[in-house]
Amino acid sequence: MSRLGIAAFVLAGFCLGIAGYFKFIWQTWPPYMIYVLVAAGIFVAISIIKDRSLYWDFLTMRTTKHGMNMGALILLTLALLVSINYITYRHNKTFDMTAEGLNSLSDQSTKILSGLKDEVQIKLFYDPRDREHQRDKNAFRDVVNLYQEKKGDIKYEAVNVLTSPAIASEYGVTNPKATAFVVYNGRKSRLGTLDEQGLTLALINATREKKKAVYFTKGHGELPLEPDAERSPDISDFKQALLDNGYEVKPLDFMTLQKIPDDASVVAIIGPKNLFLENELKILRDYARAGGSLLIGADPGLKHDLGNFLKDFGVDFTNTYLFDGIGQQLGNVTVSVGTIFSSVSQAVKGLKTGNDHVFFSLATALKHTNPAPTGLVLDDIVKTTEANLMLKELPKGAAEIKGTPENKGPHVVGIEVKGKFAEKGKTAPPEQKEFSLIVFGDSEFLMGGLFRQDPNKNLGLNTVAALSKDADLVSIRPKTAKGVNLVLPRNKLLLLIFGVYIPMSLLLFVTGAVVWFRRRTA
29 MSRLGIAAFV LAGFCLGIAG YFKFIWQTWP PYMIYVLVAA GIFVAISIIK DRSLYWDFLT
89 MRTTKHGMNM GALILLTLAL LVSINYITYR HNKTFDMTAE GLNSLSDQST KILSGLKDEV
149 QIKLFYDPRD REHQRDKNAF RDVVNLYQEK KGDIKYEAVN VLTSPAIASE YGVTNPKATA
209 FVVYNGRKSR LGTLDEQGLT LALINATREK KKAVYFTKGH GELPLEPDAE RSPDISDFKQ
269 ALLDNGYEVK PLDFMTLQKI PDDASVVAII GPKNLFLENE LKILRDYARA GGSLLIGADP
329 GLKHDLGNFL KDFGVDFTNT YLFDGIGQQL GNVTVSVGTI FSSVSQAVKG LKTGNDHVFF
389 SLATALKHTN PAPTGLVLDD IVKTTEANLM LKELPKGAAE IKGTPENKGP HVVGIEVKGK
449 FAEKGKTAPP EQKEFSLIVF GDSEFLMGGL FRQDPNKNLG LNTVAALSKD ADLVSIRPKT
509 AKGVNLVLPR NKLLLLIFGV YIPMSLLLFV TGAVVWFRRR TA
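The working numbering puts the first residue of the sequence shown at 29, with every later residue one more than the last.
Don't read these hints as lab results, they were simulated from the structure. Do not rely on the hints blindly, as some may be mistaken.
To be verified - No more than 25 Å apart at the CA atoms, straight line, and that leaves these computed lysine to any residue pairs for SDA-like:
| # | residue 1 | residue 2 |
| --- | --- | --- |
| 1 | Lys239 | Pro193 |
| 2 | Lys446 | Ala241 |
| 3 | Lys420 | Asp344 |
To be verified - Ranges of calculated distance between the beta carbons of each label pair, as one might list FRET restraints:
| # | residue 1 | residue 2 | range |
| --- | --- | --- | --- |
| 4 | Glu147 | Leu108 | 29 to 35 Å |
| 5 | Lys380 | Leu524 | 46 to 52 Å |
| 6 | Leu190 | Thr221 | 21 to 27 Å |
| 7 | Leu109 | Leu534 | 35 to 41 Å |
Because the structure is a prediction, the values reported are computed rather than measured. Each residue gets a CB set at the ideal place from its N, CA and C atoms; glycine is no exception.
Work out the full structure, taking the sequences as your base and the hints as a guide.
So, in structure tokens, the structure goes:
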């Protein structure tokens with residue numbers, strides 16, 4: 029080869045090395061990298077043109093022709109494999125052999141997809157320099173594949189925020205974590221989590237014409253919706269979860285209104301400490317009479333006096349204190365564990381009795397009033413364990429927490445009430461709408477660390493979904509792989525060892541020895 033041909037080849041290799049280096053570092057092809065590849069092609073062309081006679085002599089040799097025949101056969105085999113891989117990629121099909129259904133969508137997600145008629149776009153924004161982004165990108169791609177198998181017109185795009193800053197700016201992506209959006213008929217919805225639940229909820233939000241509003245009362249010492257500088261207890265995590273699920277969250281101040289707003293899907297009273305005025309309670313009763321939905325989380329030992337209000341709905345707020353043996357094991361005697369759930373209420377759908385544990389902090393027991401108001405149906409949706417104790421007074425120490433046959437559990441900490449609300453001694457007219465009320469004898473299960481527990485989070489979100497008649501937004505339980513223990517009796521284990529393992533090992537050893545000896549003496 030001539031010196032010019034060698035130099036051109038070296039420069040072409042140098043260009044390809046630069047392109048490979050930046051591809052490895054950035055994990056993508058920047059638009060301007062095409063010029064480096066073009067330069068490499070030009071240098072290869074110069075080398076071939078300069079030494080064309082050398083290449084022609086090489087290609088016309090007999091050994092070269094035989095080698096080319098073999099090369100053509102290899103290329104045909106490679107083309108066949110590429111074609112098969114392309115077809116399987118375009119028509120992917122997953123067969124889920126796991127008992128937990130780890131590689132298949134839930135019935136809820138499948139139902140949502142079946143109702144979508146138009147094209148769906150899914151965009152994931154990531155930073156290729158961040159390894160965590162790369163892991164999130166790969167895991168999310170597997171999730172999207174499951175959706176694309178059910179609906180063929182789902183378009184997926186992974187957007188590099190370094191090479192496409194304009195698109196990232198258009199979607200308002202400033203989050204240091206990988207962020208995904210669903211686009212449906214021009215409406216965008218951000219995913220709260222990069223998993224099946226996050227994607228399904230984003231699909232629901234993007235297909236909604238109007239968001240449902242959840243109003244939280246204020247002015248009575250309720251738990252705030254936002255954290256403050258003093259780090260006081262708040263339900264900001266609960267609020268953010270509602271926003272991620274497509275709800276509007278608004279404050280409700282009785283000082284500025286005479287009735288509950290018409291757009292209220294749910295009115296929530298969480299952790300009040302002070303007394304409600306009679307005219308405020310009247311507004312709430314009128315709201316229930318009009319078919320509204322109420323969520324109440326009240327704590328014992330405070331001056332909110334919601335006990336009298338709840339009696340109108342058949343709920344006896346006992347104002348007692350619950351303590352649990354499990355809580356003592358956890359190092360906090362004020363923790364009570366709800367582990368018995370209703371089999372019919374949508375608010376606890378997906379929570380399994382004896383398997384899931386919802387944690388409450390210094391809760392009170394709830395009972396049914398006797399007699400119960402006519403026309404109302406009460407359902408005990410959450411109960412504690414049998415080890416739970418109910419005390420009338422707040423004990424001064426753990427030594428005073430003693431169980432008696434009268435105060436042992438299980439105790440009710442959550443009740444759902446449905447029906448037509450009427451004044452005492454009266455019957456609701458037939459045309460009156462049915463209301464829904466769910467009351468918990470605790471508010472702190474929606475706070476911070478407790479709410480971040482999956483069962484607590486599921487209970488909070490499912491409760492709002494049930495009250496707002498949003499069956500589609502009931503929480504999808506995360507799927508986790510479960511180990512399987514294989515226990516063999518001694519006789520079967522010996523049979524496996526001496527009947528399979530040892531004979532197979534000897535067979536492989538003898539076969540290898542025979543092949544080696546015959547090749548050595550051939």
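For each hint, the structure was consulted:
| no. | hint | in the structure |
| --- | --- | --- |
| 1 | Lys239 - Pro193 | violated (30 Å) |
| 2 | Lys446 - Ala241 | holds (20 Å) |
| 3 | Lys420 - Asp344 | holds (14 Å) |
| 4 | Glu147 - Leu108: 29 to 35 Å | holds (33 Å) |
| 5 | Lys380 - Leu524: 46 to 52 Å | violated (36 Å) |
| 6 | Leu190 - Thr221: 21 to 27 Å | holds (24 Å) |
| 7 | Leu109 - Leu534: 35 to 41 Å | holds (37 Å) |
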